[in-house]
Amino acid sequence: GNLKGIHIGSKVTGIGDTAFLNCTGLTDAVLPPSISSIPVNLFRNCSSLARIKIPDSITSVGSSGFAYCSAMTEINLKNVTSLGSFALGYCQNLSKDLTFNMPDPVTSIGTFCFMGCTFHGINLNSNLTSIGGSAFFRSDLTGIDIPSTVTTIGSSAFSECNDLSGINCNIPLTSIGANA
132 GNLKGIHIGS
142 KVTGIGDTAF
152 LNCTGLTDAV
162 LPPSISSIPV
172 NLFRNCSSLA
182 RIKIPDSITS
192 VGSSGFAYCS
202 AMTEINLKNV
212 TSLGSFALGY
222 CQNLSKDLTF
232 NMPDPVTSIG
242 TFCFMGCTFH
252 GINLNSNLTS
262 IGGSAFFRSD
272 LTGIDIPSTV
282 TTIGSSAFSE
292 CNDLSGINCN
302 IPLTSIGANA
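Numbering of the sequence shown is given in this note's numbering, commencing with residue 132 and proceeding in unit increments.
Be a bit skeptical, because a hint or two may be false.
For lysine-lysine, the following BS3-like pairs were computed, each having C-alpha atoms within a straight-line distance of at most 27 Å [unchecked claim]: (1) K142 x K184; (2) K142 x K209; (3) K209 x K135; (4) K184 x K209; (5) K184 x K135.
Computed beta-carbon distance windows for the label pairs [as the list claims (entries may be wrong)]: (6) I307 x K184: 32 to 40 Å; (7) N299 x L134: 42 to 50 Å; (8) T305 x L134: 41 to 49 Å.
Keep in mind the hints are simulated off the structure, nothing from the lab.
Since this is a predicted model, take the numbers as computed values, not measurements.
The C-beta atom is built at its ideal place from N, Cα and C for all residues, glycine as well.
Based on the provided sequences and hints, a complete structural model is requested.
Shown next, in the form of structure tokens:
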């Protein structure tokens with residue numbers, strides 16, 4: 132469509148799932164502090180979305196919330212505790228410096244969350260407890276340090292990460308899934 136930018140006012144308390152799905156011309160978005168989550172598929176396939184202002188009130192990103200936002204080079208998720216399935220899948224330019232910094236509050240990474248992402252490293256936080264199945268499937272990770280707080284790594288979490296040369300695990304895992 133022709134939609135280039137959105138600025139949602141603070142009187143808006145909810146945004147429906149898929150509200151901006153496939154808005155491929157959308158380049159800028161400002162979300163209000165009156166919402167607490169990014170709904171399912173909110174910006175999925177907004178391939179031109181380069182700048183987004185996310186308020187500190189956001190604590191979760193729903194499934195495919197930003198999937199295929201290939202123009203996005205950075206995102207502020209500083210108060211997010213949960214990243215849903217495929218939340219940032221195929222955000223191929225997500226980190227300018229090729230390392231993604233996981234926000235401190237995040238406790239769980241959903242399945243396929245970073246599928247196809249091109250950053251080479253990720254700094255995981257000390258609050259993280261769970262890495263979902265296929266979380267980094269087909270990503271360009273070259274190495275990863277998993278914090279001691281992680282107790283679960285889902286099936287195929289690092290499957291088809293062809294450049295991955297090392298995983299540092301100093302952790303008391305209770306579960307590692309098949310093909311992890």
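Hints and how they fare:
no.	hint	in the structure
1	K142 x K184	16 Å, holds
2	K142 x K209	23 Å, holds
3	K209 x K135	26 Å, holds
4	K184 x K209	12 Å, holds
5	K184 x K135	15 Å, holds
6	I307 x K184: 32 to 40 Å	38 Å, holds
7	N299 x L134: 42 to 50 Å	44 Å, holds
8	T305 x L134: 41 to 49 Å	46 Å, holds
Checked against the numbered hints above, the structure violates none of them.
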